[in-house]
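The listed protein sequences derive, respectively, from chains A and B.
Taking the numbering used here, the leading residue of the first sequence gets 1, the next gets one more, and so forth.
Taking the numbering used here, the leading residue of the second sequence gets 1001, the next gets one more, and so forth.
What you were told as hints is all true, and nothing was included just to trick you.
To give a feel for the contact side, a few chain B residues facing chain A, derived at Cβ under 7 Å: (1) Tyr1041; (2) Leu1044; (3) Val1045; (4) Gln1048; (5) Pro1051; (6) Lys1052; (7) Val1056; (8) Ile1059; (9) Val1174; (10) Gly1178; (11) Pro1253.
Computed beta-carbon distance windows for the label pairs: (12) A:Tyr198 to B:Arg1068: 26 to 36 Å; (13) B:Glu1066 to A:Gln168: 34 to 44 Å; (14) B:Ala1161 to A:Ala161: 25 to 35 Å.
If you are wondering where the hints come from, they were derived from the structure by calculation, not from laboratory data.
Where is the CB? At the ideal position from N, CA and C, for every residue including glycine.
Number of protein chains: 2
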Amino acid sequence: MSAAQEARLAMRAGSWTGPTGGRVPGFIQANLVVLPQAEAYDFLVYCQRNPKACPVIEITDPGDPEPRRSAPGADLRSDLPRYRIFRAGVHEQDVTDITHLWSSDSVGFLLGSSLSFDAALARAGVESGGDAWIFSTDIDTSPAGGFRGPVFATMRLMRPAEAIIATQLTSRFVYTHGAPIHIGDPRDIGADIANPVYGEPLERIPEGRTAVFWACGVTPQRAAQEAKPQLMITHAPGHGFVTELNMDQFCLP
Amino acid sequence: MSAAQEARLAMRAGSWTGPTGGRVPGFIQANLVVLPQAEAYDFLVYCQRNPKACPVIEITDPGDPEPRRSAPGADLRSDLPRYRIFRAGVHEQDVTDITHLWSSDSVGFLLGSSLSFDAALARAGVESGGDAWIFSTDIDTSPAGGFRGPVFATMRLMRPAEAIIATQLTSRFVYTHGAPIHIGDPRDIGADIANPVYGEPLERIPEGRTAVFWACGVTPQRAAQEAKPQLMITHAPGHGFVTELNMDQFCLP
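This is chain A alone, in the form it adopts within the complex (with noise of 0.2 Å):
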């Protein structure tokens, strides 16, 4: 049994309701977003238009909640640490199982998550690449549908020769959002750092950093809230899925 599969099981029994980040280094972790089957063309429209926000894995035919490609013998409505519940846009609560919520209309989407690459960068000898904010940016995606707002992307604080060697790196990992966005002052893609989403406020970038700045899995989350479906469920933040795909392996198509 794989460090993936046990890991799900773990999910699905209940005794695992805890983060992924950081955990079963080397399978791609992915973002979900199930979503009723009538909302799901234009969001699969949404994520070809901005594929480095939304880089696709897989797609579950209607009603089917195993990931057949990805993880086959997964179950999405059991199988993820912690799910958060929309309706009509509208966070309504975090659970740790969906089996009640899923129907013969609900169509699961795995996008690669930057949660997976962390281990790449560290395994390269880029320490900085742990410590990670999220900002929202002046960046808009190309809208699809009712789906669209701005970019929001994850910033680390790296030495430049750090910032080049996560450049190459990561520019081959398509999957979980590929090469960065922007390298160099925030205020040029409207990140305000005193501002994050995500981690503490900052004053300024520390002598002797970059900031470099990825795609991040936010981004279909808040745009799928503007295009206010009835249902939709995603993961909830850090707590991923855990695919069986090795990283190295499935990174180009």
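Knowing the structure of chain A, use the given hints to seat chain B on it.
Chain B alone, transformed into the frame defined by chain A:
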């Protein structure tokens, strides 16, 4: 005016009705598939599940003939040199304009074509890249709805050193089929060199040459024929859509 726009205007005026392969180098060329909106979701899922054969460059909004992201101002109804019309999966005829067939229901898919990477290979000194055969293989695509069928592949015969350069180079061009799907014995993937879909039959692979295979745009075209949509319009083989996209910029997401 770019060379790509000049080419499209000549096609629109009807003065360019011939092939596009090897012409207008540096601009990405795309395969076209036009489907009724009702078929578009399944086809898009099919493309996501088979990204090497079906790299999606752009999806137009229903009824909108302008590919706003890849060639602003262009018109998919007139700006290709030659189209192929299929009804219920059967090839009916080839035409040079499809304005009369376009409706408020039409969705255009532009898929990256290997017509565009020959220029990159030539620039890298891979001289043997120019001659290509097309074969069916015994590799199945991952189906979606009614869309299904084998992977079709282009074959190029190269010196081993060229095969390595070509693999490095095309790995980066994920929107035009990416890295090879196979290098070496054609029989490993069920390709019968005596029976190409396109190109002259071969008795053997010449001494000193290695066969290199890339997934090919015939794949989605044949899969769409399987689905038997009421009306499907594609580019005619070798007669692609010339986008404004710079091959060296629009290569990784």
